[in-house]
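**Student:** The lines below spell out each chain.
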Amino acid sequence: MNPPLLEVRGVGKTFVLRHQRRRGHNIVRAVDNVSFVVRKGESVGIAGESGSGKSTLARIILRLDRPTDGEIRFAGEDIATAEGHELMAYRRQVQAVFQNSSSALSPRMRIRDIIAEPLIVQQSDTSPAEIDRRVDDLLGRVGLSPQIRLSFPHELSGGQKQRVAIARSLMVRPSMLVLDEPVSALDVSVRSQVLNLLLDLQEERGLTYLMIAHDLAILRHVTTYLVIMYLGRIVEQGPTEEILGAPQHPYTRALVAASPRLERIENRVLAALDSEVTSTTDDGCAYAPRCPWAEARCHEEVPRLMVVGEHATAAHMAACHALQAVSLSETPPA
Amino acid sequence: MSNDTLLEIKDLRTYVHMRAGTVRAVDGASFIIRRGEALGLVGESGSGKSMTCMAIMRVEPRPAAVIEGGQILLEGENLIDKSLEEMQQVRGRRIGMILQDPLNSLNPVLTIGNQLIEALRLLEPGASKADLRRKARAALERVGITNAASRLDSYPFEFSGGMCQRVTAAMAVARHPTLLIADEPTTALDVTTQARFLGLLDQLRREEGMSLLLVSHDLGIVAETCDRVAVMYAGRVVETGVTTQILSAPRHPYTRALMFAVPHLHGPRTKRLYQIRGEPPSVRAPTVGCRFAPRCDQAGDLCRVQYPPTVHYANGDTVACWLHVPDAAAPAGASHTLPLQRVDSVVTDAEGCGK
Amino acid sequence: MSEMSRLHTPLGRGDISQVVPAPEELQVDAAAPRKRRAVRRAPILALFLLTPILVFGFFGHFLMPHDPTMISPVHALLPPVFAGGTWEYALGTDHMGRDLLSRLIDGASNSLAVAFFGVALAGAFGTAIGLTAGYLRGAVEELLMRLVDMQLAIPTILLAVLLAAVIGGGLTTVIASLMITFWASYARVVRGETLILMQRDYVALARVAGASRWRIVRLHVLPNLLSVVVVLATLQLGAAVGIEAALTFLGLGIQPPASAWGLMISDGKLYMSQAWWIPTIPGIAIVMTVLGSNLLGDWLRDRLDPRLSQL
Numbered sequence: 139m140n141p142p143l144l145e146v147r148g149v150g151k152t153f154v155l156r157h158q159r160r161r162g163h164n165i166v167r168a169v170d171n172v173s174f175v176v177r178k179g180e181s182v183g184i185a186g187e188s189g190s191g192k193s194t195l196a197r198i199i200l201r202l203d204r205p206t207d208g209e210i211r212f213a214g215e216d217i218a219t220a221e222g223h224e225l226m227a228y229r230r231q232v233q234a235v236f237q238n239s240s241s242a243l244s245p246r247m248r249i250r251d252i253i254a255e256p257l258i259v260q261q262s263d264t265s266p267a268e269i270d271r272r273v274d275d276l277l278g279r280v281g282l283s284p285q286i287r288l289s290f291p292h293e294l295s296g297g298q299k300q301r302v303a304i305a306r307s308l309m310v311r312p313s314m315l316v317l318d319e320p321v322s323a324l325d326v327s328v329r330s331q332v333l334n335l336l337l338d339l340q341e342e343r344g345l346t347y348l349m350i351a352h353d354l355a356i357l358r359h360v361t362t363y364l365v366i367m368y369l370g371r372i373v374e375q376g377p378t379e380e381i382l383g384a385p386q387h388p389y390t391r392a393l394v395a396a397s398p399r400l401e402r403i404e405n406r407v408l409a410a411l412d413s414e415v416t417s418t419t420d421d422g423c424a425y426a427p428r429c430p431w432a433e434a435r436c437h438e439e440v441p442r443l444m445v446v447g448e449h450a451t452a453a454h455m456a457a458c459h460a461l462q463a464v465s466l467s468e469t470p471p472a
Numbered sequence: 321m322s323n324d325t326l327l328e329i330k331d332l333r334t335y336v337h338m339r340a341g342t343v344r345a346v347d348g349a350s351f352i353i354r355r356g357e358a359l360g361l362v363g364e365s366g367s368g369k370s371m372t373c374m375a376i377m378r379v380e381p382r383p384a385a386v387i388e389g390g391q392i393l394l395e396g397e398n399l400i401d402k403s404l405e406e407m408q409q410v411r412g413r414r415i416g417m418i419l420q421d422p423l424n425s426l427n428p429v430l431t432i433g434n435q436l437i438e439a440l441r442l443l444e445p446g447a448s449k450a451d452l453r454r455k456a457r458a459a460l461e462r463v464g465i466t467n468a469a470s471r472l473d474s475y476p477f478e479f480s481g482g483m484c485q486r487v488t489a490a491m492a493v494a495r496h497p498t499l500l501i502a503d504e505p506t507t508a509l510d511v512t513t514q515a516r517f518l519g520l521l522d523q524l525r526r527e528e529g530m531s532l533l534l535v536s537h538d539l540g541i542v543a544e545t546c547d548r549v550a551v552m553y554a555g556r557v558v559e560t561g562v563t564t565q566i567l568s569a570p571r572h573p574y575t576r577a578l579m580f581a582v583p584h585l586h587g588p589r590t591k592r593l594y595q596i597r598g599e600p601p602s603v604r605a606p607t608v609g610c611r612f613a614p615r616c617d618q619a620g621d622l623c624r625v626q627y628p629p630t631v632h633y634a635n636g637d638t639v640a641c642w643l644h645v646p647d648a649a650a651p652a653g654a655s656h657t658l659p660l661q662r663v664d665s666v667v668t669d670a671e672g673c674g675k
Numbered sequence: 008m009s010e011m012s013r014l015h016t017p018l019g020r021g022d023i024s025q026v027v028p029a030p031e032e033l034q035v036d037a038a039a040p041r042k043r044r045a046v047r048r049a050p051i052l053a054l055f056l057l058t059p060i061l062v063f064g065f066f067g068h069f070l071m072p073h074d075p076t077m078i079s080p081v082h083a084l085l086p087p088v089f090a091g092g093t094w095e096y097a098l099g100t101d102h103m104g105r106d107l108l109s110r111l112i113d114g115a116s117n118s119l120a121v122a123f124f125g126v127a128l129a130g131a132f133g134t135a136i137g138l139t140a141g142y143l144r145g146a147v148e149e150l151l152m153r154l155v156d157m158q159l160a161i162p163t164i165l166l167a168v169l170l171a172a173v174i175g176g177g178l179t180t181v182i183a184s185l186m187i188t189f190w191a192s193y194a195r196v197v198r199g200e201t202l203i204l205m206q207r208d209y210v211a212l213a214r215v216a217g218a219s220r221w222r223i224v225r226l227h228v229l230p231n232l233l234s235v236v237v238v239l240a241t242l243q244l245g246a247a248v249g250i251e252a253a254l255t256f257l258g259l260g261i262q263p264p265a266s267a268w269g270l271m272i273s274d275g276k277l278y279m280s281q282a283w284w285i286p287t288i289p290g291i292a293i294v295m296t297v298l299g300s301n302l303l304g305d306w307l308r309d310r311l312d313p314r315l316s317q318l
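Residue numbers (my numbering), protein chains in the order written: chain V, 139 to 472; chain L, 321 to 675; chain A, 8 to 318.
Keep in mind that the hints were calculated from the coordinates and are not lab data. Given the structure is predicted, the values throughout are model-derived calculations rather than measurements. Backbone N, C-alpha and C define an ideal beta-carbon position, used for all residues, glycine too. Errors might be hidden in some of the hints.
[What the hints assert, rightly or not] Have a look at the derived ranges for each label pair, beta carbon to beta carbon:
id : chain 1 : residue 1 : chain 2 : residue 2 : range
1  : A       : R310      : L       : I400      : 47 to 57 Å
2  : V       : A384      : A       : Q34       : 52 to 62 Å
3  : L       : S470      : V       : A384      : 33 to 43 Å
4  : A       : A146      : V       : G222      : 23 to 33 Å
5  : V       : V154      : A       : V173      : 58 to 68 Å
6  : V       : P284      : L       : R339      : 55 to 65 Å
7  : L       : E438      : A       : L169      : 30 to 40 Å
8  : V       : P142      : L       : E461      : 46 to 56 Å
9  : L       : A340      : A       : I203      : 17 to 27 Å
Work out the full structure: start from the sequences and follow the hints.
**Tutor:** Rendered as structure tokens:
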């Protein structure tokens with residue numbers, strides 16, 4: 139097993155809302171007590187719906203925001219509080235690709251300058267000729283013609299822009315990429331090109347990926363380890379194939395069942411139409427209000443992550459009171 | 321036209337005239353929707369699927385967008401010939417519509433109840449306020465909103481996206497249309513909410529006995545919900561077919577490529593996804609030949625110079641591809657086994673799990 | 008391999024019911040509608056109004072038929088050519104016999120110089136304030152924005168009178184008044200725009216790349232603010248000419264014997280009944296400038312806003 143590269147330990151982020159409409163609801167826990175490990179060369183996925191805190195977590199890991207609790211270690215160094223040189227060293231190791239390629243490229247900069255920016259910022263003594271050479275190399279590697287070097291982002295298509303974003307993220311030869319919904323804004327026919335490119339690059343360069351996505355099929359394709367988040371907390375984590383093949387937590391089950399697949403579904407069961415994400419609770423399981431298995435205890439006590447699953451590898455854990463007693467019946471209780 | 325056809329689109333063309341040139345958003349699209357069926361219209365951005373929906377409702381963004389030709393036959397009446405006043409009688413009453421963004425579809429300063437009551441009042445102008453309110457509550461209950469009575473006085477911002485979308489569905493079916501058009505209705509929704517909403521659409525369609533035109537960029541969503549699927553590419557319909565046929569044996573190389581290009585949640589895991597070359601075409605450039613030919617692995621010389629005729633099968637399926645035209649000169653370079661290049665291998669589950 | 012072979016369609020022909028010819032290929036003349044629309048959307052009226060003013064402002068000294076300050080009592084109160092006068096004094100003369108056309112041309116360069124300068128200073132200062140507030144947020148933003156609110160509450164003329172009382176009338180007073188009047192609107196607009204730009208992914212990615220604050224402001228925020236600032240400046244240029252004229256009219260601005268439109272109106276107001284043209288002609292010039300720059304500003308806003316530029 140490879141050594142851990144990124145260690146996230148008990149990370150939390152609370153936002154205090156100034157304009158409170160009702161008393162007692164002015165603190166939002168966007169991320170609450172999240173811990174996982176990303177090993178070198180591995181691909182870890184974070185899945186969740188809107189409000190799950192997965193994007194806030196990505197911003198914290200990229201040090202765009204600071205966590206309010208917990209620690210983050212990269213190659214053993216604490217980066218949650220790093221500043222100056224230490225932070226710069228981290229920035230050399232970790233780069234990012236975001237969902238919206240139109241917003242990710244500065245509209246009034248030329249493609250060459252966009253791709254070169256991380257290098258120019260971090261090694262300002264690099265000669266222009268060397269920069270050009272490396273930009274051309276990367277453009278070629280992501281399948282773009284060096285001729286677009288002097289274009290502006292709006293002259294490129296969505297797929298081309300995302301390739302530029304990937305090229306830029308590789309400019310300083312990082313060891314890890316944070317991919318925040320990297321293909322969800324792309325057309326289906328372009329999506330596979332970018333996914334293949336990402337997998338090829340990982341193999342060539344031994345990159346470590348932390349991929350955030352809502353689409354489980356894409357996560358299954360790219361990642362080997364999966365973290366499922368719901369309203370800021372991890373509800374289940376484990377090897378991707380194990381989680382998707384035999385989801386344990388009721389929420390993961392619902393998520394897997396709801397994901398579109400290429401087959402006709404006749405007369406889908408419309409259970410509990412009205413139950414939707416409401417708000418975070420400090421007491422009890424966040425999923426309890428929607429959970430068909432929920433009992434009194436689920437509303438009172440926050441469940442902890444415990445080893446689950448038939449194969450019961452230490453890596454597969456879920457946070458559910460009901461799961462601790464017995465394995466859940468296939469169908470929810472009436 | 322057979323009796324069970326509700327809507328027939330024939331050679332529809334909608335061009336958008338912009339400063340940078342004319343975009344041929346819809347450029348000769350044809351398909352039919354039968355009574356009571358759910359038809360999925362699938363295509364990528366720029367394929368013209370949304371513009372087709374807008375043309376059916378005659379709400380294409382004028383003056384830039386112009387219907388340049390073709391017919392939209394609703395129960396035999398051509399909607400293109402209708403005046404705006406006549407279309408008012410069609411919209412809502414005979415065709416209902418649900419759009420992508422539920423928050424934009426509802427008026428933020430009116431309560432949910434008042435908006436529903438307005439929609440119902442058009443149906444029964446003489447009904448009393450109390451009567452309409454009762455019906456509005458029933459409409460909310462029907463789309464699965466609990467505590468409907470108290471929810472009537474809520475404003476849209478107090479509802480989640482999924483609940484708002486259910487309210488728009490309630491309004492769309494309030495006047496019992498024969499056709500419901502849903503244009504990317506779940507794109508703004510979360511996965512779990514999406515599944516429930518698709519289930520609701522299915523339920524409403526069965527209860528009302530209406531037809532559903534579900535537009536999506538996601539073949540998976542359409543496959544779950546629809547009886548038949550129409551695939552659009554660059555302003556034309558390239559293939560229509562029964563869902564099971566499309567899923568098991570797609571005829572058009574584009575449809576086939578789409579199925580291989582997406583990763584699946586279950587079943588064997590492909591190491592590399594099938595990769596369609598290039599980018600979706602610019603609909604601006606006047607083209608000859610099959611629009612998909614530049615990206616198609618099986619394209620031959622004929623494909624590049626002449627658009628294929630549409631082959632109709634006995635069960636109503638259609639495909640516009642030279643590979644399926646009988647007695648056509650087989651496109652040079654095309655093989656009958658149709659290998660899909662660059663799919664290196666198919667790994668089994670066991671191998672995929674190995675860690 | 009079963010997955011693969013499942014997808015290999017047999018080229019069955021038996022069940023084909025009919026083969027419908029492809030839709031015909033329509034050729035569209037893509038250029039024609041474009042040209043028509045482009046012409047219709049050009050700011051013709053704005054250019055028509057502004058061109059003479061700008062030509063006067065920049066090349067006025069070569070165009071003046073007479074010395075704008077030369078007093079000649081013999082030629083006092085001559086009517087313009089369209090009211091029975093001669094081409095010698097095309098727009099007539101004032102009560103001291105000075106040529107109105109020459110004074111109008113000379114005044115254009117003074118008025119425009121003052122307006123340009125005042126608006127440019129206000130733009131630079133206001134942008135800096137807005138950018139600082141939008142970038143730093145927090146207490147700095149609160150403080151700066153309350154200053155903006157205070158500024159916007161004080162009427163321009165009152166401010167100019169106070170200023171004139173302190174430093175005396177003249178060019179400096181007008182420019183200072185313009186700057187103090189206008190900077191606040193830049194600050195407000197630029198702050199709002201900065202807040203939006205700071206949310207863009209490319210700013211986050213620049214931080215991930217390790218870019219300094221100054222680099223982010225210089226390369227990622229400022230260039231994207233420019234279109235907003237230019238539009239606002241164009242809209243304000245007309246207003247600045249109007250304010251300059253008003254201040255000069257009140258005797259707080261450009262001082263005689265220099266030429267200025269406000270001065271011409273104030274000189275001419277006594278002679279309204281005998282020589283209506285003296286205040287009317289500079290008045291028309293002011294209206295042309297204000298209207299022209301507003302129209303140009305509206306057009307620029309439409310052009311530079313990418314959301315509106317498509318249709």
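**Student:** Hints first: check each against the structure and report whether it holds.
**Tutor:** Each hint tested on the structure:
1. A:R310 to L:I400: 47 to 57 Å: With Cβ atoms ~34 Å apart, the hint is violated.
2. V:A384 to A:Q34: 52 to 62 Å: holds, 58 Å
3. L:S470 to V:A384: 33 to 43 Å: holds, 41 Å
4. A:A146 to V:G222: 23 to 33 Å: Roughly 24 Å apart at Cβ, these two residues keep to the hinted range, so it holds.
5. V:V154 to A:V173: 58 to 68 Å: With Cβ atoms ~46 Å apart, the hint is violated.
6. V:P284 to L:R339: 55 to 65 Å: violated, 31 Å
7. L:E438 to A:L169: 30 to 40 Å: Violated - the Cβ-Cβ distance for E438 (chain L) and L169 (chain A), about 56 Å, lies outside 30 to 40 Å.
8. V:P142 to L:E461: 46 to 56 Å: Between P142 (chain V) and E461 (chain L), where Cβ atoms are some 53 Å apart, the hint holds.
9. L:A340 to A:I203: 17 to 27 Å: holds, 26 Å
In this structure, the hints that do not hold are numbers 1, 5, 6, 7, in rising order.
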